[in-house]
Amino acid sequence: MKKILISLFMIAGTLTGFSQNAADTLQEKLGLLNGRLNALDERVALAESDLGKLTKIKLSGYIQAQFESYQSGLLKTNDAENSFYIRRARIKFTYEAADGIKFVLQPDFSTGNLSLKDAYAVASLPKLSALSLYAGQFNRPNYEVEYSSSQREVLERSRVVRSIYPGEREVGAKLEFTPSKVPVKLQLALLNGNFTGKEQKDADSKKDIMARAVYSLHIPNAGIGIDMGAHAYYGRMMAKNKYISNYSNQMDSTDSNSGSYMDKQWFGGEIQMYFDFLGGTALKGEYIAGKNAFAGDSKSNPNKIKQFAGYYIYFIKNIGKKNQLVARYDYFDPNTKLSGDDAGKDIFYQSLALAWQYYLNDFIRFSVNYEMPWNEKNSAYPEEIKDNVFGIRMQAKF
Amino acid sequence: MKKNKSIMLLALAVIFITGAAFMQQIKITVKGSDTMVILSQRWAEIYMNKYPSASIQVTGGGSGVGLAALINGTTDIANSSRPIKTTEVEKIKARYNTLGVEIPCAKDGITIFLNESNKVKELTLKQLSDIYQAKITNWKQVGGDDAPIKLYGRENSSGTYAFFKDEVVRGDYAASCQTLPGTGAVVNAVKKDKNGIGYGGAAYASGVKHCMVKKDANSPGYLPTAETIAKNEYPISRYLYMYLKNKPTGELKKYIDWILSVDGQKIVTEVGYFPVK
Numbered sequence: 001m002k003k004i005l006i007s008l009f010m011i012a013g014t015l016t017g018f019s020q021n022a023a024d025t026l027q028e029k030l031g032l033l034n035g036r037l038n039a040l041d042e043r044v045a046l047a048e049s050d051l052g053k054l055t056k057i058k059l060s061g062y063i064q065a066q067f068e069s070y071q072s073g074l075l076k077t078n079d080a081e082n083s084f085y086i087r088r089a090r091i092k093f094t095y096e097a098a099d100g101i102k103f104v105l106q107p108d109f110s111t112g113n114l115s116l117k118d119a120y121a122v123a124s125l126p127k128l129s130a131l132s133l134y135a136g137q138f139n140r141p142n143y144e145v146e147y148s149s150s151q152r153e154v155l156e157r158s159r160v161v162r163s164i165y166p167g168e169r170e171v172g173a174k175l176e177f178t179p180s181k182v183p184v185k186l187q188l189a190l191l192n193g194n195f196t197g198k199e200q201k202d203a204d205s206k207k208d209i210m211a212r213a214v215y216s217l218h219i220p221n222a223g224i225g226i227d228m229g230a231h232a233y234y235g236r237m238m239a240k241n242k243y244i245s246n247y248s249n250q251m252d253s254t255d256s257n258s259g260s261y262m263d264k265q266w267f268g269g270e271i272q273m274y275f276d277f278l279g280g281t282a283l284k285g286e287y288i289a290g291k292n293a294f295a296g297d298s299k300s301n302p303n304k305i306k307q308f309a310g311y312y313i314y315f316i317k318n319i320g321k322k323n324q325l326v327a328r329y330d331y332f333d334p335n336t337k338l339s340g341d342d343a344g345k346d347i348f349y350q351s352l353a354l355a356w357q358y359y360l361n362d363f364i365r366f367s368v369n370y371e372m373p374w375n376e377k378n379s380a381y382p383e384e385i386k387d388n389v390f391g392i393r394m395q396a397k398f
Numbered sequence: 001m002k003k004n005k006s007i008m009l010l011a012l013a014v015i016f017i018t019g020a021a022f023m024q025q026i027k028i029t030v031k032g033s034d035t036m037v038i039l040s041q042r043w044a045e046i047y048m049n050k051y052p053s054a055s056i057q058v059t060g061g062g063s064g065v066g067l068a069a070l071i072n073g074t075t076d077i078a079n080s081s082r083p084i085k086t087t088e089v090e091k092i093k094a095r096y097n098t099l100g101v102e103i104p105c106a107k108d109g110i111t112i113f114l115n116e117s118n119k120v121k122e123l124t125l126k127q128l129s130d131i132y133q134a135k136i137t138n139w140k141q142v143g144g145d146d147a148p149i150k151l152y153g154r155e156n157s158s159g160t161y162a163f164f165k166d167e168v169v170r171g172d173y174a175a176s177c178q179t180l181p182g183t184g185a186v187v188n189a190v191k192k193d194k195n196g197i198g199y200g201g202a203a204y205a206s207g208v209k210h211c212m213v214k215k216d217a218n219s220p221g222y223l224p225t226a227e228t229i230a231k232n233e234y235p236i237s238r239y240l241y242m243y244l245k246n247k248p249t250g251e252l253k254k255y256i257d258w259i260l261s262v263d264g265q266k267i268v269t270e271v272g273y274f275p276v277k
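Chains as they are written, first to last, in our numbering: chain A, 1 to 398; chain B, 1 to 277.
In short, the hints are calculated from the structure, not lab data.
Treat the hints with caution; some may be incorrect.
From the structure, some residues in chain B lie toward chain A, with a derived Cβ separation under 7 angstroms [as the list claims (entries may be wrong)]: (1) 99; (2) 172; (3) 176.
For clarity, every value in this text was computed on a predicted model and none was experimentally measured.
The C-beta atom is built at its ideal place from N, Cα and C for all residues, glycine as well.
I would like the entire structure built from these sequences, with the hints used as guidance.
Structural data, given as structure tokens:
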């Protein structure tokens, strides 16, 4: 009996030893697997973090390839009367670092015109997310300037906007306030003021100020929306020499003119109306008037001060999901103080543009556009200038 | 004879094409809010049973995705669990020269999900904000056990994400908040994690505990029920919307009128949301 008990104890001891060993081995394996799992977790977290960074980068852009046919009025001898060309080829890189913090870079690669269009940072201010600070190179605060070329219904902007906002962009800082509860947008910008797309730094020490306010009135039951606003520009430009030609084209060559500042001040009122009537319909217009200054470099090309006025009116009608008919009338007088022969080359222009847009799908849009400008006649331009332009554009956007 | 045959074939072809055109199904596409997918699918199924000529295709993806599809012209209806943003209205204006049409079609109370073993029964809006900004990180700070809080939420394309951020978090979500695709996934995560907290549409809540929400420390706590939402007592209630490019006409109008009818709104209640009428 004793022997049996001893044998049983020995077997139990051996079995316990075996099960202890098995448990140890299992524990070891579990530990190993746990370690591997943790390592995998770390790798997944790292991969997620890397992928997370990638999702913050957004790429968009568009290419506008077009064919244009020109009337001969402004062409030089042997100039082509028609041409294919790339009007715009842009890629926009946007990096959204965090909510309300964004960096934007947009070069334009169109042939022979490689340029930087946008390069700015935006930061929403802490505890006041409706207020954003922009710094860098960005669009000037004006409706037609800020309305993207990829969305615009005619091929080019109106003459007045092209004249006072060349290249559309400026370098400086801008505050934008868009409260969530009130349908207004307020913009205030401090700008170099002399940017045409080439200058790295300002030409003078005075900075220009631009302000714009827009109120949106929506009447949803009637399908009507009205955006109305105004913008003002207050700036100055330094005369680099003593020759200043005033509003009446009279030369002032007082010695103290050199280094003095010429005013650039104007005011604009805008309205955009949208009607949901048999498909979308829009009527948009803006009037801008004031005084502008231009830098000169010699007596024969003096600094100039001019009083200008201009406006544009768009009528846009959507037909179904894919078609859009557009008419735009625009007017621009570069020097309202002078007319007839006194105006010299500063004649006023009126222009009618007719366009048809066809949206093939999300990415492709075709535009057919005919622009018919007509000019003031005087001794410098006794005849109507034959400068109508017919254009067909294919736009690919992503 | 040959000529007669050709004429007959041509006539048959015309009849076939005309017939096919008449028999062609009316197709409506609906895209957007994941919160609204179940509701939208139920509407579509019942409507198609009632009107077999209609074909309604419903997909999710999030409110932002639906509104982007509306702007691109790839959907007729965008479902959204948040109001449309100003930037999105601007894009509709630019492309279609309208303001878009907003149709509130149901009401929802954003439910706070807790694991069934969690002792916490109610939270104030301020506590929820602090929890989701990681200012409160342990359940004992709000009357629960001494355990770290695990945050679950929605992806940033979701209308629920945006609504909760604007109305409750009122700041940035904590980096530790794990984002999941769909309220169903949030509910599942909280069900498995005893320290988890999540939020989402009322229709998805099963197997988890609903947390009462208080406007502030002195207010009573409410659960999202038809009554508390109708009386505006539940502090995190919202409308669910459908957005269109233009005023609806034809079959689209018929479908939307039906959704807003007594029959359509009955389905809202069946699915777990709350009717607008």
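Hint check results:
| no. | hint | in the structure |
| --- | --- | --- |
| 1 | 99 | holds (4 angstroms) |
| 2 | 172 | holds (6 angstroms) |
| 3 | 176 | violated (12 angstroms) |
Violated hint for the displayed structure: number 3, the only one.
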